[in-house]
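Peer 1: Single-letter residue listing:
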Amino acid sequence: DAKTTQPNSMESNEEEPVHLPCNHSTISGTDYIHWYRQLPSQGPEYVIHGLTSNVNNRMASLAIAEDRKSSTLILHRATLRDAAVYYCILRRSGNTGKLIFGQGTTLQVKP
Amino acid sequence: SAVISQKPSRDICQRGTSLTIQCQVDSQVTMMFWYRQQPGQSLTLIATANQGSEATYESGFVIDKFPISRPNLTFSTLTVSNMSPEDSSIYLCSVAGTGRWETQYFGPGTRLLVL
Numbered sequence: 001d002a003k004t005t006q007p008n009s010m011e012s013n014e015e016e017p018v019h020l021p022c023n024h025s026t027i028s029g030t031d032y033i034h035w036y037r038q039l040p041s042q043g044p045e046y047v048i049h050g051l052t053s054n055v056n057n058r059m060a061s062l063a064i065a066e067d068r069k070s071s072t073l074i075l076h077r078a079t080l081r082d083a084a085v086y087y088c089i090l091r092r093s094g095n096t097g098k099l100i101f102g103q104g105t106t107l108q109v110k111p
Numbered sequence: 001s002a003v004i005s006q007k008p009s010r011d012i013c014q015r016g017t018s019l020t021i022q023c024q025v026d027s028q029v030t031m032m033f034w035y036r037q038q039p040g041q042s043l044t045l046i047a048t049a050n051q052g053s054e055a056t057y058e059s060g061f062v063i064d065k066f067p068i069s070r071p072n073l074t075f076s077t078l079t080v081s082n083m084s085p086e087d088s089s090i091y092l093c094s095v096a097g098t099g100r101w102e103t104q105y106f107g108p109g110t111r112l113l114v115l
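If you read the sequences in order, they're chains A and B.
Our numbering puts the first sequence at residues 1 to 111.
Our numbering puts the second sequence at residues 1 to 115.
Isolated chain B (complex conformation) (with noise of 0.2 Å):
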């Protein structure tokens, strides 16, 4: 298993600023994904945290909107630019090895509210 932390939980922010979230892992692993779950609604993958590469964005997602880090294998950051009241959401990160047999992890979750 692996117990993941994101900071910081919850936050409140301008629009057009941007917030940075964090995401550790308490053990090496080779998949981190980034997802987006708007109110009342399912997750949305954002992205593939690569490590040691650039993050591969599933359809509708963009770096420049999104940008993301993995500088190790244990830890990522999501930074969410520019921020609109429509991006607000819990932001959540997750791990998994990469057969597809093996269980994905999640984070708590970040909740954002953009006023």
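Just chain A, with the same shape it has in the complex (with noise of 0.2 Å):
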């Protein structure tokens, strides 16, 4: 599985942008992006995925580089709930569907 490379750790000031960086040079044509968040004490949540074009949803926005080697997590205005380890995923193509999780990174919003 191809893997993705993110910062362990970030800050954020409240109602702030925060731009949370993965590199994943080795990823395929087939694979999609994906993003999860896992708020204290819960399993992870969905956030949101993109396979080549920009994607915005009510939580977040995902930036994807043109060659695909990298993608930008966008959370527009930060608030202290957005505290949370953020794991950027690749899925493969085919039925086995699994998600393959990194370190992620600590997001901590002060306010």
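Calculated from the structure, these hints are not laboratory results.
Backbone N, C-alpha and C fix where the C-beta goes; we use that ideal spot for every residue, glycine too.
Just so you know, nobody snuck in bad clues.
Ranges between beta-carbon positions, derived for each pair:
| # | chain 1 | residue 1 | chain 2 | residue 2 | range |
| --- | --- | --- | --- | --- | --- |
| 1 | A | E16 | B | K7 | 36 to 42 Å |
| 2 | A | N54 | B | Q24 | 33 to 39 Å |
| 3 | A | A65 | B | S59 | 27 to 33 Å |
| 4 | B | S1 | A | N8 | 28 to 34 Å |
| 5 | B | S1 | A | H76 | 22 to 28 Å |
| 6 | A | T5 | B | Q38 | 19 to 25 Å |
| 7 | B | R10 | A | E11 | 29 to 35 Å |
| 8 | B | P71 | A | E15 | 45 to 51 Å |
| 9 | A | P40 | B | N72 | 31 to 37 Å |
| 10 | B | S53 | A | E14 | 46 to 52 Å |
| 11 | A | S41 | B | V3 | 16 to 22 Å |
| 12 | B | K7 | A | T106 | 25 to 31 Å |
Put the complex together from the two separate chains, hints included.
Peer 2: Right, dumping it as structure tokens:
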């Protein structure tokens, strides 16, 4: 499975935008880029995913580099409830469907 | 979306004993997975629970230690056998469709402490 590289931790101030980077230089053409986050004492939850084009939803935006070797999760206005571990994961094609988690980025949001 | 429940939510067990964790989904799902999250660590995939056949285990995990059942498309169990303190972790069930674009949903986890 293709690996992703994320910073161990990041800090943000409340109500400011946050850009969480992810490198995936060995991504294959059929890999989807998924982002999940894990709030304290909870199971991971889906945030967003994309293939080639930038994506927006109510939680966040996903900016994908033209060569697809990196991506950035954008939280437009961080709140204290966004403090979590954010995981960038490549999901392979085929019928396995499994997600392989890396270490993720721990986001701290300061009031 | 899928709503997943797990039982028990937490347990404290003695070494050498076994614990069976249940995972119930509110709809039929194709794929079910079991993960382990050791204290302060990320999630590690244990196995894929296949309906009507033996589970598919990831490297480092074996059926004798983590037997899995999946009798139907909404239910699965994971047993942690002959437990040791190193098995103290959070065990999470998750479900997904087969498409690589599809969302995966996670249960709340079972917190296990082995003394």
